[in-house]
Amino acid sequence: MAEAPAPGRGQHLCLTDLLDQDTSSYEFFYSQPDAVQQKIREADPSSFEEMQDTVAAFS
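For the sequence shown, the working numbering begins at 522 and goes up steadily by one.
Worth double-checking, as some hints may not be accurate.
What the hints assert, rightly or not - For lysine to any residue, the following SDA-like pairs were computed, each having C-alpha atoms within a straight-line distance of at most 20 Å:
1) Lys560 / Asp543
2) Lys560 / Phe549
3) Lys560 / Glu548
4) Lys560 / Val576
Worth flagging that the hints you see were computed from the coordinates, not collected in a lab.
Kindly produce the complete structure, drawing on both the sequences and the hints.
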């Protein structure tokens, strides 16, 4: 049985997992400018919603 995500985290363990497993997240991430991609990497979101929140906070 798979382990549950850490409390407060989405279904993915890290940004790499999220990009590998979620097409929408992958497309959204790579549609962002380099500076925004770097902010996303620093935030290491575990869900598409967390990634969107990071971009919104940066904008």
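Now the hints, each set against the structure:
1. Between Lys560 and Asp543, the direct Cα distance comes to roughly 19 Å. Compliance with the 20 Å bound is thereby established for this hinted pair.
2. Proposed proximity of Lys560 and Phe549 is supported: the alpha carbons are some 14 Å apart, at most 20 Å.
3. Among the hinted pairs, Lys560 with Glu548 is consistent with the structure: their alpha-carbon atoms are about 16 Å apart, no more than 20 Å.
4. For the hint pairing Lys560 with Val576, the CA-to-CA distance comes to about 8 Å; that is within 20 Å, so the pair holds.
Violation of the numbered hints given earlier is absent; every hint is satisfied by the structure.
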